[in-house]
Every structure is written in C-alpha cells, then in structure tokens.
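Colleague: Please construct the entire structure, taking both the sequences and the accompanying hints into account.
Protein sequences, first through last, are from chains A and B. Numbered by our numbering, the letters in the first sequence go through residues 29 to 249 in order. Numbered by our numbering, the letters in the second sequence go through residues 641 to 904 in order.
Bear in mind the hints are in silico, worked out from the structure with no lab data behind them. Beta carbons are placed, not taken as given, at the ideal position from N, Cα and C, and that holds for glycine. Among these hints, one or two may not hold up.
What the hints assert, rightly or not - Some chain B residues flagged as far from chain A (calculated, every beta-carbon gap over 12 Å):
1) R686
2) D749
3) G780
4) R782
5) N810
6) I899
Stated by the list, open to error - Which stretches of chain A does chain B cover? Using the computed rule of at least three CB atoms under 8 Å from a CB of chain B, they are:
7) 72–79
8) 121–130
9) 222–236
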Amino acid sequence: MAARFAFWSTLTDPLIRQNPVTLQILGICSALAVTTSLATALTMAASLTVVITLAAGVISLIRRHIPDTIRLIVQIVIVASLVIVIDQILQAYFAEISRALSVFVALITTNCLVLGRTETFARHNAPGPAMVDAFGNGLGYSLVLIIIGSLRELFGKGELFGHNVLPLADSGGWFTPLSLMLLAPSAFFLLGGLVWVVRSIYPEQAEAPEFDATERRGAAE
Amino acid sequence: MADHERNPLRRFLALPNESRTKTIVVAFLVSAACALMVSGATVLLRPIQAANRAAEEQARIEALVRGVPGMGALLEESGGTLSTVIIDLDTGRAATDVTPATLETALADPANWTALSPGDDIASIGQRPDYVQIYMLRDGERISLVLLPLSGQGYNGRIDAVLAMQGDMNTIAGLAVTRHSETPGLGGRIEEPAWLASWPGTLTRDEEGNVRFAVARGTASSNHEVDGITGATRTSNAITRIVRFWLGDQGYGPLIDAIRRQEF
Chain A
29 MAARFAFWST
39 LTDPLIRQNP
49 VTLQILGICS
59 ALAVTTSLAT
69 ALTMAASLTV
79 VITLAAGVIS
89 LIRRHIPDTI
99 RLIVQIVIVA
109 SLVIVIDQIL
119 QAYFAEISRA
129 LSVFVALITT
139 NCLVLGRTET
149 FARHNAPGPA
159 MVDAFGNGLG
169 YSLVLIIIGS
179 LRELFGKGEL
189 FGHNVLPLAD
199 SGGWFTPLSL
209 MLLAPSAFFL
219 LGGLVWVVRS
229 IYPEQAEAPE
239 FDATERRGAA
249 E
Chain B
641 MADHERNPLR
651 RFLALPNESR
661 TKTIVVAFLV
671 SAACALMVSG
681 ATVLLRPIQA
691 ANRAAEEQAR
701 IEALVRGVPG
711 MGALLEESGG
721 TLSTVIIDLD
731 TGRAATDVTP
741 ATLETALADP
751 ANWTALSPGD
761 DIASIGQRPD
771 YVQIYMLRDG
781 ERISLVLLPL
791 SGQGYNGRID
801 AVLAMQGDMN
811 TIAGLAVTRH
821 SETPGLGGRI
831 EEPAWLASWP
841 GTLTRDEEGN
851 VRFAVARGTA
861 SSNHEVDGIT
871 GATRTSNAIT
881 RIVRFWLGDQ
891 GYGPLIDAIR
901 RQEF
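Modeller: Here is the structure:
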C-alpha cells in the first residue's frame, strides 16, 4: 500500500481532470437518456453514486478472496443486487421519479463506469481509498449529468426543477423553448461541447489523431 | 500460517484463490449474500410500494372521471364520490351477498372464479372473477357514467385499465391504464395522455349490437377505432382483445344489456 493515501486528490481528480464521462467517455448512455430534466438527472446521479460507492466498498473488502476466474461475474452480481435494492427504495419512496427513470435505474448495472472503477481501482486498494475513489467518480458523473440536465431543462422547457425560470413566449414572455434540447441528439452536442471545453483546459487529454497524412509520408521515407 | 491452522474459516481463506473449492465457495457465498439483500429489500418495501400503487390507481381513476367533459361538475353535485357497486358478472346485476368489504375474501375462494375455455379467453386471463367492483355516477335516476375495470395479458405482462363508458353504454368516455409492464417508449405509450385522448367518443358496438371496437393499425379510420401505436402492434392488439373480451358476453355484456334496458 502507498505510505500515505492522497485523500483529496483521489476525491477531486475525477471531478474534472479525470472525469470518467469526459475523459474516459464512460456511462454515456444513461447520461443521454435521463438528462431531459434536472430532477431525473439528480436522482440518477445520486443512485449511481450510492451504488458505485457501496459496490467499491464491498468488492474492496473481499478483494483478496475473489478468484480471478470468476472476478467479473462476482463484481456484476454485487453491483446488480445493489442496483435492485436502490430501485426498490426509489419505487417505495420516490414513486414519481422512479416512473420517469423507468428502466434506466436498472441499467446502472451495465453502466461501464461502475464496473470500470471496481475492476481497476477497488480490486487493488483498501476499502477506504476504494470508496473515496468511487465516490469521487460518482460525483464526477453527477457533475456532468447535472450540467447537461440543467442546460436541457432550461433551454428545452424554460424551467428548472419544474419551476418556470425563463418567461415563455406562450404566456407573454420572450423565450421560445428549443424542443431539440429535449431530444437525444442535443445531449450528444452538449456532451461533445463539454469534452471540448475540458480538453481545451487540459490539452494533454486530446487524443493523437489516428490517421495523419503528414505522419504517414514521414513513415514512408 | 506457520502452525497448522485449526479454525476452518481461516484455513479456507488461506486457500489459494485459484483452487476449485475456493472458487465455488466464494461464488456461493456472494450469491447467497446478494440474494438475501435483494429479497430483504423487496419484502420490506413491498407494503409501501403497494400503497403507492393504490394511491396512483385512485388518482388515475379520479383523473379519468375529471377528464370526461361535464363529469367534474356532476361529480361535485353528487358529493364528489362515485358509487361503488359489486357486480355479479354471470347475471349482470348487483351482487346480493358480496360487498366491497368482503370482495377480497370472496375472490380468495376459487369457487367464485370461472375458468375460461381457450376459445372464449381472448384476453388470455385464464380465469375470470365472478364478482367485480365497478363505479357509477348517476345524474338523478339516469346512469351517466360507468367505470369498468379491465385486465388482460399484454406483450410483457398483465395490463390493468379502467374503461369509462357514457350512460348509453356504447360511447367510450375515456380510458385509464392503471398498471402495465409494456416496453417503455413503445407499448409503454399506452399510458400517455396523448394516446388516451383519442379514446373518448369512440363507439364500441355497431347497430346490431356486435362489439366492433378495435385499436387501428395506423390512424383510426372509423368511429369504432382508436389510433394504433407505431412500433407496438402486439400491445395494440392486446388492448383490442382485452376491451372486446370485457365488453363481450363473458365480461360486462350482461351488465351492459341490463343498464341499456334501464333495469339497473
């Protein structure tokens, strides 16, 4: 184990610099599907953060005793059970939002973000650091969801949390809702924009172009 | 582990991870723990979820009644409540020996269910209760609205709905889907207000009294049809069959005849 566990950098790195969504492009599917309103985005973000943190803790606890041959299936079983529990809790206490999220809570199981963290980090680290890392990654995912969710709800409906923010043209205001914002492509555009912003701040994250004509000429010499 | 370990748990944990025993035991323990967690959560939370579902169903029935033009006012007039009646489906009359309070007990008795022959069972429910609780709204002596619960097999599972009929027992006043598990975004659209809005005004029977109602393929082309749902043909067909079954002789047919003859 490392002599001193860098608590703050483990927690804050995944927020922006190592953000799992913008850097590793993980968990895109749900980020597109549930961000039509801020409330569903927040619930999804909270559910994923809880699941990923608990899963990392549990898997890290038994990390020395997971046989390599069945390690993936053990991880998935643990993640899936946690997801079912969370889904049941949502259905019981947040029935309305649970209906809006429909299948996407259940699909946290297949969110590569969760398995990515448990496989790469929790399996090699003590429960404390593993949970901090998972929590940080959950927050990073939440941040992206909240940004996209609020932009989409604000410009798609002129609302935030269902409360009117921009005066709508229908009721005498100046704002005409952009219906495109509520459709899936807009989430792609916003996410693309977000990745662009992050990579302009951290240019080292930009991937090397795979097919570069000048490079190829160089190789031929 | 210098000495021979006596504690069996320690001895097990000290096994190499790749040993077959350890693989199987770890797999078993993880599954058992997860199974316990999942079933625990399901059992503990079921009462709250059931209460939520009942409240939602109530809300949908109320929304259904309020959505029918002129019904809101009528409902206020009658004190804001619908009268609840238990119907004996065989006779089509109010049941004499079953009340809303004893309905659940009565339906726990298999003798109060009628098995359906495959030919009759177009809604794929297998058996049909003999007693059903329906809701009525009266305008003076005349019945102005009847709410009939329906249920049947959809594409992914059971569909429960409430059909509102005008007092003529031919014109649909609305539909509320109270429970379904159809594919979200496709068959799941049966609960969307936009689709349900095409129901009011649809006629269920032709002049001869045959049930003609259908969910159309595509756009409705006659006044016996409602619009189909694109990409959800199986769900649309299921709705057609469910409505036809419950309006037919095995369902509310006798009741509908009795109301039309003003015997109710």
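Colleague: Hints first: check each against the structure and report whether it holds.
Modeller: So, going through the hints one by one against the coordinates:
With a least CB separation of 8 Å from chain A, B:R686 falls inside the 12 Å interface cut-off, contrary to its annotation. Its beta-carbon lying about 31 Å from the closest one in chain A, B:D749 satisfies the requirement of being farther than 12 Å from that chain. No beta-carbon of chain A comes within 12 Å of the beta-carbon of B:G780; the shortest separation is about 39 Å. Under the 12 Å C-beta cut-off, the non-interface status given to B:R782 relative to chain A holds; the minimum distance is some 38 Å.
The beta carbon of B:N810 sits about 33 Å from the closest Cβ of chain A, which is more than 12 Å, so the claim that it is off the interface holds. With a least beta-carbon separation of about 35 Å from chain A, B:I899 lies farther than 12 Å from that chain, consistent with its non-interface assignment. Three residues within the 8 Å Cβ limit are the bar, and the segment 72–79 of chain A against chain B gives 0, so the coverage statement is violated. Coverage of the segment 121–130 of chain A by chain B holds in this model, with 3 residues showing a Cβ closer than 8 Å to a Cβ of that chain against a need of three.
Requiring three or more residues with a Cβ within less than 8 Å of a Cβ of chain B, the coverage given for the segment 222–236 of chain A is violated, as only 0 such residues are present.
Checked against the numbered hints above, the structure violates hints 1, 7 and 9; every other hint is satisfied.
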